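K.L.:
In order, the protein sequence lines correspond to chains A and B. So the first sequence is residues 1 to 140, counted in my numbering. So the second sequence is residues 1 to 495, counted in my numbering.
Hints in this document: simulated from the structure, not taken from any laboratory. One or more of the hints may lead you astray.
[To be verified] Quick list of simulated restraints, FRET-style, between CB atoms:
#1 B:Gly102 with A:Gly76: 48 to 58 Å
#2 B:Leu228 with A:Leu86: 24 to 34 Å
#3 A:Val127 with B:Tyr435: 24 to 34 Å
#4 A:Met121 with B:Arg52: 45 to 55 Å
#5 A:Met121 with B:Glu45: 48 to 58 Å
#6 B:Pro480 with A:Thr71: 40 to 50 Å
[What the hints assert, rightly or not] Covered stretches of chain B, going by a simulated chain A footprint (3 or more residues, C-beta under 8 Å):
#7 39-50
#8 395-407
#9 442-449
[Unchecked claim] Over the 10 Å line for every Cβ pair with chain B, so calculated as not near, a few chain A residues:
#10 Thr31
#11 Leu97
#12 Glu119
#13 Phe122
Bear in mind that the values here come from a model prediction, so they are computed numbers and not experimental data. Don't be surprised by glycine CBs; every beta carbon is placed ideally from N, CA and C.
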Amino acid sequence: MKADQDLTDVLASLALFADLSRPQIEAVAHTCEEVSFPQGQRVLRQGFSHPDFYLIVEGEAEVRIDGVSRTKLGRGDFFGEVAVLLDEPATADVVSLTFLRCMTLPGSDLHQLLVSFPELMFRMLKVETGRLRQTLEWRP
Amino acid sequence: MAPVDRPFPPGDYPVVVVGSGPGGLQTSYFLRRHGIEHAVISKDEEPGGMFRQFPLFDRLVSWTKPYAPVKEGTREYEWFDWNSLLADDPADWVGVGQFMDGTSEFPSREEMHKAITTYAEKNKIQVRYGCTWEGTERNENGFVIKTSEGDYSCRVAVFGVGVAEPWKPPNIPGIEDIPHYIEMGPPKTYAGKSLYILGKATSAFEVADGLLPWAKSMVLSSPSEVKLSVVERSLAGLRARYTQPLEDYAIGGRTVTILDASTERIEKMHEGFRVSLRGSMANWELSLDFDAAVATTGVSAPLQDLPDIGVATFSGGRLPGQTPYWESASVPGIYFTGSITQGAVGMRGPGGAAVHAFRYCTRILASHIAQRQFGQTPKRTPVKGSDLVDFLLDEATRGPELWNQKMYLARVVGFDKKQGLVDEGIHPLAHFVDYDRPDGVAVAVTSVEGVPSPVFYVRSGSRVDEVIGESDLMLDFATPENKRHLTSVLKDVTG
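Start from the sequences, fold in the hints, and give me the full structure.
P.N.:
Okay, here's the thing in structure tokens:
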């Protein structure tokens, strides 16, 4: 992906935003901030409170719980929402495996974003359900 | 000026600093304090950087309070004075307040520029002015900075070139026909005109506020809703200084209209512009004609060919990705200073873009370069075990670095096996928390539901625990409860 691609265009290409109109996607892009991380930096920190919400727009990251790698995340994946929605400390580390570009939103603003765009909330719910199913399948 | 009198002719230098704004000047000041030989070059003809042109409507949004609860010129005073550049020696310090005429706690552009020029003169900061950075090469020895006057070779390059290039989103048809707000004419050229302002961030309202006495009507539009700094308790929101247009709209003043809409298209007409809008929070479409239009769509750093030598960028190529110590995320040896450091991410969001925030980066950056690139040993001051809790709480209450760069900068006390407790100074909190280092404790200032609160990070081996302290109505964090709690937490670690 080109580094100079506008955030709105990036979001428009992701399934999560497929139900939103272009002005709505622009509104989301304007509400959020784009940030970047060098390879090997922690983006989310297990046990620390009040994390932000992140969505990867470029690069790869790894989810680690107690230092053990659990899964990898890539473009279009989001994280931080569990801690934000449950108002609890982050349940995992997320570490950048490459130069990582993310769209981020303060945790306190996530509620307003989801209420403003119910279609986005529904898409996120589907992703969360998929993650829950995967977790249940892992159980012995 | 005769060329022979100018410092730093092209050649080899251990470090080259590009830029003569507050970032470049302070970086040079602090590199010199560490005895690091360096050259400073600038395309400008005088010091000041962005303050030679900005703010456009003449007054800053950062305060310098002439009458503060603490003594002027002290470290604690820095929280009450967001504009003065830093100096290690009080004799080198130049307070912006002495140039202000008392009509506002926000200095004018001219007052700020005067203070910066005086800082450069008083501290004899040498700059090769009129020397334009034109290109960059990377080789086995470091970098070659190609300029209008020849090549500069260096091991370390520091770019403090500001974030003031006009930037427009690429996907709005016709946007190329309207000026960016940096290119606007003086306010009187808008006398009696209708104006479309594309954008609703602070810069949009700065324009609208400045043109209230001139324009006959203004429409401000962007897809997301306005957020106010006083509601968000964050400088990221619309600054209180520029809320007058919002009040005009709120009470139906008919001069200002504020819309949550996407700009679909801008058409150049025989006279003026036709703007097509589509609601973002509600479904509507509108086409409006204006005498003039302006894009307040943000600014970018003039990175020239740095991306071509591997410098990773983000935000539409506007900023370089950086480590917590402001080194390029992808090209070691290239560092950034000044307002570009807003591209680095702290523990919660990016660092600040204004002088009050990045001035601390310059001091820490120089010290970091001295250690990392030139093998200098950092200065560490012993801390008595019995003083540790009081020291940390005092830093949380009064440390200007912690308040000006919340959750980015922290005071660090190391637990050294030989020396005992040592004050390591101010460092990026993310570095303390994320990278292997000896045990220690870091204190920072965070915001819990908008309320400033102290936060402590205690490292023991590879484990780092977060301890959020309680706030205080008068923001004095040295409360009995915080003392008791912190004493108990640190007892296990320090013995």
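K.L.:
To test your reading of the hints: which numbers does this structure violate?
P.N.:
Violated hints (numbers, rising): 7, 8 and 10; every other hint is consistent with the structure.
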